[in-house]
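*Asks:* In the order they appear, the protein sequences are chains A and B. So the first sequence is numbered by our numbering: it starts at 1 and just counts up by one. So the second sequence is numbered by our numbering: it starts at 226 and just counts up by one.
It is worth saying that the hints were derived from the structure and are not from the lab. Heads up, a few of these hints could be off.
What the hints assert, rightly or not - If you want a taste of the chain A side facing chain B, the calculated C-beta under 8 Å gives, among others:
#1 Arg18
#2 Arg158
#3 His164
Claimed, not checked - Restraint-style ranges between C-beta atoms, simulated for each label pair:
#4 B/Ala268 / A/Ala16: 11 to 21 Å
#5 A/Leu197 / B/Ser290: 51 to 61 Å
#6 B/Thr378 / A/Lys222: 48 to 58 Å
Built from N, CA and C at the ideal position, the CB exists for glycine as well.
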Amino acid sequence: MTTPRPPPDPFSPPDAIRLRLLQAARAGGGPARSDRTLRLVGLVAFAALAMLTALAAAGGPAHAEGRPAVVGSWVLAGSLALALAATWFTLPPRRSMLAPPRGQLLAVAFAVPVLVGAWLMFWHSAYEDPFVRVGWKCMELTAATAPWPFLALVYASRRLEPRHPGHVGAALGSTAGAWAALMVNSWCPLSDPAHVLVGHVAPVVILSALGAVFGAWRFRLKRVR
Amino acid sequence: MHAAMEQVTAPMDASFTGLDVDVAADRAPADAAMDRFADGDAAAFDLVYQTLSPRLYRFILRRASAAEAQDVLQQTFLRMLEARDTFVRGARVLPWAYTIALRIFVDRVRRDAREVLGLEETFSFDVPSEDLPPDELYVVREREALARERLKTLPPKLRESFELVKIEGLSNAQAGEILGITADNVKVRVHRARELLKLES
């Protein structure tokens, strides 16, 4: 006498899926994991070198001589703190495959340009600007320095974000802008509000917008065939 | 009225949570297996699949038809296969898998521009044992149906949080990780969902 076979559980996935996936796993799937730390360190070093090269090509910190040294030190210290904080809040937690909460990413994306501008304008009354400029050069220098930290940040952010890829991109763009601002602030001695808005704040806003577009394209889930 | 709602919510907290196994207990093997798979051990993927697929499948089934759920499940694991080189050593695989599944499903719904809730012909919190006496089985099924109807009335954001915490048995932190919000935010949403469910009873 044979016992009747139990009916398939309607709440378990069919075995055919498992077999198909195991076959795909055996066939390779994506490449196996390698040590990313060394590559990341290399990329960060390259980004730092590229930013410093762009800064040197523009004339280096000597261009900011008209600004009092103490003010310059404070400006740079604040810019560095902002860049570090933005990086900390944007990158995924150490042992997680997922990016930080959406609110945190949005806060970084919006706060960085605001803080970059506010911090420079805060020093406006402390000294007389040595000259007047619209801010195009500062914008150019931002454009020349921001792509490198952006590349390193994209690599560090682990490439896949299923929930809100655009927000991740925007936060990464702003964070790259914060690192670029550190370079630009060491070069530019001006704190006039109009100049700061055009030359320092606008580029970071643009970077954030470009980052959002990049993130939505690069980090989103794509259908696998 | 309150007693009726108790009947609906009480099972969600205990026997109807859809948790056949302890969450904490099944987490570590899947994480370790995913780590091994990421390092190149193809055979370890089977354990990842065996551990996660029943929960993910049931989770998707609450929102989609069986055919759609199977496609979403397959796509989820294919994404995990593709992204194995990016898997962070020591990371938890469960929130990641849920997030991918949820996103694939949401993208799919948006693409198809269909009403999700209308497709839930196979929805269930759990599989009631067929060994139960017929009258008890009937009560269980009735209670499930009632709970299901109540859940449908929740706003999507509250419903997602409520399902992940109260039905899937995830912690607030895990649910927050999946949904991209803070654990406190999840707690608030679950609380509001409960309040709404009580109000509707």
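*Asks:* Hints first: check each against the structure and report whether it holds.
*Replies:* Taking the hints in turn, this is what the structure says about them:
Look at arginine 18 of chain A: its Cβ gets to within about 6 Å of chain B, closer than 8 Å, so that hint holds up. Against a cut-off of 8 Å between C-beta atoms, the interface hint on arginine 158 of chain A holds, since the closest Cβ of chain B lies about 5 Å away. Checking histidine 164 of chain A against chain B by beta carbon gives a least distance of about 6 Å; that is within 8 Å, so the hint holds. In this structure the supplied range 11 to 21 Å holds for alanine 268 of chain B paired with alanine 16 of chain A, their Cβ-Cβ distance being about 19 Å.
About 54 Å separates the C-beta atoms of leucine 197 of chain A and serine 290 of chain B, a value consistent with the hinted range of 51 to 61 Å. One distance hint, 48 to 58 Å for the beta-carbon pair threonine 378 of chain B and lysine 222 of chain A, is violated here, with the actual separation near 34 Å.
Checked against the numbered hints above, the structure violates only hint 6.
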